[in-house]
Amino acid sequence: MTDLKGKNAIVTGAAVGLGNAYARALAQEGINVAVCDLRDEVHQLVAELTDLGVKAQGWQGDVSDPAHVRQVVDETRAAFGSIDILVNNAGVWGASVADDDLDKSLEDYERIVGTNLKGEYLFGRAVIPVMIEQGAGGEIVNIATDHMVTCGTPYFCCPSLESCPWGDSPRPTGGGDAMDLYDAAKWGLNGFLYAWAKALVPHGIRVNALCMGATDSYMLRSFHNFDPSEEEIASWMKAEDNAQALVDLLKEGPAGRNAQNINFCMGRPVLLEPAHDHVYVVADHVKLGEGA
Amino acid sequence: MNNAGKVAIVSGAAQGLGRAFAERLAEEGYQVLAFDVQAAVEGLGGATGVVADVSKRDDVERIVALAAEMGTIEVLVNNAGAWKKTPVDSGWEQALADWDEIMDTNLKGVLMLSRAVVPHMKPAGGHILNISTYYVLPAKSDGTNPPDTDPYGASKWALNGFTDAWAKYLEAENIKVNGLCMGAVDTPMLRGLFADGQLPSDLVDNVMLPSELAQLMMDVMASGRTGENIGAWVGEPVQLNEQPPLHKRITG
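Sequence lines, in order, name chains B and C. Sequential numbering from 1 applies to the first sequence in this note's numbering. Sequential numbering from 1 applies to the second sequence in this note's numbering.
Keep in mind that a hint or two might mislead.
Claimed, not checked - Away from chain B, derived, C-beta distances all over 12 Å, residues of chain C:
#1 A4
#2 M70
#3 M189
#4 G197
#5 V234
#6 P237
#7 Q239
Claimed, not checked - Which chain B residues face chain C? A few, computed with CB under 8 Å, are given here:
#8 G94
#9 A98
#10 G188
#11 A275
#12 V279
Derived by calculation from the structure, the hints in this document are not laboratory data. C-beta: ideal position from N, C-alpha, C; glycine also.
Using the sequences plus the hints, can you model the full thing?
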């Protein structure tokens with residue numbers, strides 16, 4: 001198990017919700033954390049992370065803006081000395097359907113694909129050369145959605161788990177008919193997951209994704225006009241539980257899984273389950289070498 | 001089937017797969033509006049060939065207006081695609097340029113063209129085919145999801161979101177939406193990857209032919225199936241296989 005204390009991480013979209021929980025969980029492990037977000041609460045988070053006894057830095061900005069990404073990555077490296085972990089979390093949601101007009105669609109594209117897909121590309125492409133140059137491995141974790149995995153990827157289910165709502169009939173992918181751009185952006189993350197994982201094997205850098213189902217977060221509460229029922233809240237996963245799964249994933253270190261979409265869907269225990277067999281890549285192509 | 005008065009739009013139709021799709025649809029009696037950034041599209045037999053860029057909004061609106069004048073738009077083949085190697089350490093400015101070059105055509109172009117077409121297709125139903133890649137289906141060979149194609153792979157994986165959501169949303173309008181996800185097809189794009197345009201020995205005997213994929217496209221449309229990624233692999237017969245259960249229709 002890898003000791004995380006003293007490592008340096010970037011968490012995007014950390015002001016609220018899952019990103020906030022991720023940043024706090026990493027800080028509690030002794031990891032120095034750089035955070036960014038569109039929202040100005042990111043500055044308050046920096047103070048709270050510092051109170052946990054680690055170094056923290058924060059920037060307010062848009063992950064789809066290359067200049068912002070460059071600033072966060074360059075200044076994090078300058079402040080911390082290295083970048084060991086990237087949590088590509090920043091994401092937005094908006095309804096979009098097949099017969100929206102072009103004006104709305106192009107605005108949606110810039111916002112949803114810009115944040116959820118381009119933002120992760122930019123942070124990945126900015127951090128990867130840094131990690132390669134450092135020569136000490138690294139961890140990239142993209143935050144995706146359970147819309148792009150079924151009960152495991154792509155289609156095993158686990159009838160032995162009594163609490164699993166999909167035990168009898170495997171769950172299809174997709175988020176419905178009003179999320180075409182959101183789902184496209186999240187599906188697109190597979191392009192980074194597999195290409196980066198393969199390219200970075202020689203450098204001991206792992207790339208994985210957490211595919212989140214309904215988690216109590218700012219984004220999910222916004223779906224419910226910030227007035228969800230007690231029953232709804234009780235059914236949602238807790239961001240803190242998922243953050244613990246992120247920590248457990250990072251603790252696997254170079255000997256751990258690589259190029260995997262890790263599914264967290266409602267009704268199942270929120271914990272890091274064993275790695276699954278590879279489906280979309282040949283397993284040997286994403287296996288980190290001895291001593292990586 | 002009488003396709004007189006019905007219009008099919010094919011993007012990226014100057015050569016290769018797009019050309020084969022356009023020619024086949026013309027043979028089937030469709031009024032075909034074929035477009036491409038390459039002028040060779042203007043010489044396409046049996047089709048109206050127009051030079052236009054799917055990544056440019058004005059061009060997309062011009063193409064769809066022209067198609068609507070030709071008749072009732074029933075078929076849209078989202079075929080235009082950009083491909084290039086994009087090594088992860090290629091440098092920052094290169095990474096930014098690669099993103100725009102690939103995404104503007106492969107994702108934003110598909111979005112714009114489809115959004116512009118759907119209102120015309122709704123009254124009478126139709127077919128949208130998103131041309132993808134075998135990368136998005138379970139691996140059957142070493143070459144899938146290679147390490148130096150991150151934006152290209154992202155653009156094609158992203159089409160899953162469109163195919164799935166559009167199939168659901170447009171079901172009531174009788175508009176069928178499917179992905180065609182193929183391995184190596186003998187096209188100028190493929191031959192351009194090899195010295196002197198010569199296919200390597202392991203491909204030369206079993207590479208798929210554009211005409212085979214055009215037949216598969218016709219079979220998909222005739223089947224009435226929707227919301228699926230249809231696979232075609234080198235070394236296997238190019239055919240419409242049995243419909244998989246719901247949970248495997250996109251993921252294979």
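**Report entry** Violated hints - listed by number, lowest first
**Finding:** Hint check: 8, 11 fail, others pass.
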